[in-house]
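> Letter by letter, the chains look like this.
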Amino acid sequence: MKIFVCVKQVPDSETKIKFLADGSGVDTQGVKWVLNPYDEIAVEEAVKFKEKNPTAQVFVLTLGPKQRASEVLRTALAMGADEGIVINTSQDGDSYTTAKTLAKTIQSEGGADLILTGKLAIDDNGNAVGPMLAEFLKIPHVSVVSKIEYQANALKVERDVDGGAKEIFEIALPCLITTNKGLNTPRYASLPGIMKAKKKVLKEYDQAQLGIEPSDFKVKAGAFTFPADKAPVKMISGDATAQTSELVKLLRDEAKVL
Amino acid sequence: MSKILVFCEHHNGQLKRSSQELLQFAKSNSSDVIALIFGKEAKSIAAQTAYHGATTALTVSDEAYVSYNPELYTQAIQEAYAKTQATVLLASASATGKDLFPKAAARLNAGIVSDATSLEINGASVVAKKPLFAGKCFANHAFSNASLQIVLMRPNQLPVAAPDTSKTITIEELSVTKIDLKVLLKEIVKGTSEKLDLTEANIVVSGGRGLKEAANFKYLDELAQVLGATVGASRAVVDAGWVPHSMQVGQTGKTVAPTLYIAVGISGAIQHLAGMTGSKVIVAINTDANAPIFQKSTYGIVGDFADILPKLTEEFKRALHK
Ligand SMILES: Cc1cc2nc3c(=O)[nH]c(=O)nc-3n(C[C@H](O)[C@H](O)[C@H](O)COP(=O)(O)OP(=O)(O)OC[C@H]3O[C@@H](n4cnc5c(N)ncnc54)[C@H](O)[C@@H]3O)c2cc1C
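Protein chains in written order, with this note's numbering: chain X, 2 to 259; chain W, 193 to 514.
Don't read these hints as lab results, they were simulated from the structure.
Yeah, the Cβ is synthetic: ideal placement off N, Cα and C, and Gly gets one too.
A portion of the hints provided could be inaccurate.
To be verified - Footprint (simulated), chain X over chain W, 3 or more residues, beta carbon under 8 Å: (1) 298-305; (2) 471-485.
What the hints assert, rightly or not - Label-pair distances were calculated between CB atoms; the ranges are: (3) X/K157 with W/D372: 17 to 23 Å; (4) X/K17 with W/K472: 21 to 27 Å; (5) X/E72 with W/D372: 38 to 44 Å; (6) W/H513 with X/D230: 32 to 38 Å; (7) X/K235 with W/E506: 19 to 25 Å; (8) W/A498 with X/Q152: 45 to 51 Å; (9) X/E150 with W/D413: 31 to 37 Å; (10) W/V352 with X/E214: 36 to 42 Å; (11) W/A354 with X/D230: 30 to 36 Å; (12) W/E506 with X/K19: 46 to 52 Å; (13) W/K382 with X/K197: 43 to 49 Å; (14) W/V352 with X/K197: 55 to 61 Å; (15) X/G26 with W/S259: 39 to 45 Å.
As the list claims (entries may be wrong) - Which bits of chain W does chain X cover? Going by a derived footprint, with three or more residues having C-beta under 8 Å, they are: (16) 259-268; (17) 273-287; (18) 323-334; (19) 374-383; (20) 430-439; (21) 499-506.
Using the sequences and the hints given, assemble the complete structure.
As structure tokens, then:
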């Protein structure tokens, strides 16, 4: 079984966001890049599968500037993935180009039996690359999965949908699954894991050589703004009875939300 | 002018509010608004779409379309697009929308923006604004080289007018080519709550570690009952196993934008704020006057949940049943 795990480098969730002087984008200077938390779950799933099925191979790939891309791949390799693939680019793509780039890379690597990736990236909240990648590779997908049962040529998966409900699908291999919280608890890389990761293969591709056309860029972000300042909080004092009756009054008469 | 396809979702025979929002928006930007409706009840839902602005309805009433299947639905989207040659497609950023439309976009050579909070259509081009980095900033997203511009809107962002029940509609049934399926739905397991999903709820009441123990969520349940609200939670209590992950609000949970968000015993960590600062009015109840949640709130009460919540529930009861 050849498993490809697609991961993204995202700014640590504590990062303070600043814009470039010309307003064309976000200033990434000094940002601490981490493995996207949902992708961590995807890596964990692949590594767990490999522990039970030692002949499985786990490739982890990411698209981004080489330096930071390689760093997050090392994290995934330290968790137990076998080989890393960096697709070097300095260009900000959209979901379409990202998915197409990943598809071409996986094809160049001889194709996958299973592709795992997080349900979304916490930076742009794009929610799109997984199902798009599956479509480009003409394989089926199920997204937002919190349980996987492995069968001979298929998977039985639980997909989390609105209202806490679950849709249970059977999906034929090869396929793509996007991972949700609840599927597993990602491990911390152990020290031996980190040492081993240093010796693992990091293969390199260049996005420019994968045949991505200018017309593949379909969505562009611009006009960056910060959220409007909020009016200062109104603290309600008094005992519990006074506080609650005042709050309900304000919600009804001032905020008009009741 | 744009021809706009609106993917309409429904539940228990009712057109969802999120779809009403999209139809209403489409109507004020185009005189050619096509509602796309799947499922056995599609034809009766079509009448409701007319009340909110659809000029025609394309239905797929086939039994196979009653519940979601990515392959079947994508095939239908492809054929609806081929038939209408629409230039804009609007859908809500629901569980179905977020699964279906990326796949459809790849197939149709379309651009997609997910989780938009506002939207503008100028002539033929669409600009969608969405939060990035968990709401720390916003950016406008514009399309190019896209045969079709797809925007998935967050619910509760656009206004809905009263339905105009004098409006009628032409309904056309789309016959979709049969395809072989590699994904099959086996079963749907219902959630614990029959309430609106957090992401669609108009009022959300959330609890955190300050509630001390799982059993104390009953105070929130009672409050939610009176308000018709959906109950949410912080990650701390999800991780502690008090409530399921489907109730988590925040960066690694759900993003909610209700009219009213009440946070009880939640400190206001940046990852929690990421999921709820889009709410119109925020109320925080916390024993610690310095809890960061107060800085993001409209109204704050320093107090113990056990004292405040029962009284608050009574107050709301009185106010709402007068
Ligand atoms: C990568 C990452 C992702 C994360 N994603 C999320 C996410 O999606 N959602 C999320 O919520 N968190 C998330 N977190 C965790 C987040 O950092 C916080 O740890 C978490 O939100 C804290 O939950 P809490 O506010 O319930 O608990 P605490 O921070 O412990 O706060 C409890 C609060 O209750 C108050 N309190 C105590 N007793 C009472 C009482 N009797 N009555 C009233 N108030 C009382 C206290 O003053 C305190 O403010 C994430 C963290 C990381 C690192």
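> All hints, please: hold or fail.
Hints and how they fare:
1. 298-305: With 6 residues closer than 8 Å to chain X, the segment 298-305 of chain W meets the three-residue bar; holds.
2. 471-485: holds (count 5)
3. X/K157 with W/D372: 17 to 23 Å: 19 Å, holds
4. X/K17 with W/K472: 21 to 27 Å: 25 Å, holds
5. X/E72 with W/D372: 38 to 44 Å: 43 Å, holds
6. W/H513 with X/D230: 32 to 38 Å: 37 Å, holds
7. X/K235 with W/E506: 19 to 25 Å: For X/K235 and W/E506 the Cβ distance comes to about 22 Å; the hint holds.
8. W/A498 with X/Q152: 45 to 51 Å: 49 Å, holds
9. X/E150 with W/D413: 31 to 37 Å: 33 Å, holds
10. W/V352 with X/E214: 36 to 42 Å: Given range 36 to 42 Å: holds, Cβ gap about 41 Å.
11. W/A354 with X/D230: 30 to 36 Å: At 34 Å between Cβs, range holds.
12. W/E506 with X/K19: 46 to 52 Å: 47 Å, holds
13. W/K382 with X/K197: 43 to 49 Å: 45 Å, holds
14. W/V352 with X/K197: 55 to 61 Å: At roughly 57 Å between Cβ atoms, X/K197 and W/V352 fall inside 55 to 61 Å, so the hint holds.
15. X/G26 with W/S259: 39 to 45 Å: 41 Å, holds
16. 259-268: holds (count 5)
17. 273-287: Holds, because 3 residues of the segment 273-287 of chain W bring their Cβ atoms closer than 8 Å to Cβ atoms of chain X.
18. 323-334: Per the Cβ count (12), the hint holds.
19. 374-383: Holds: 10 residues of the segment 374-383 of chain W have a Cβ under 8 Å from chain X.
20. 430-439: holds (count 4)
21. 499-506: That given contact holds, which follows from 5 residues of the segment 499-506 of chain W lying within Cβ reach (below 8 Å) of chain X.
Hint compliance for this structure: no hint is broken.
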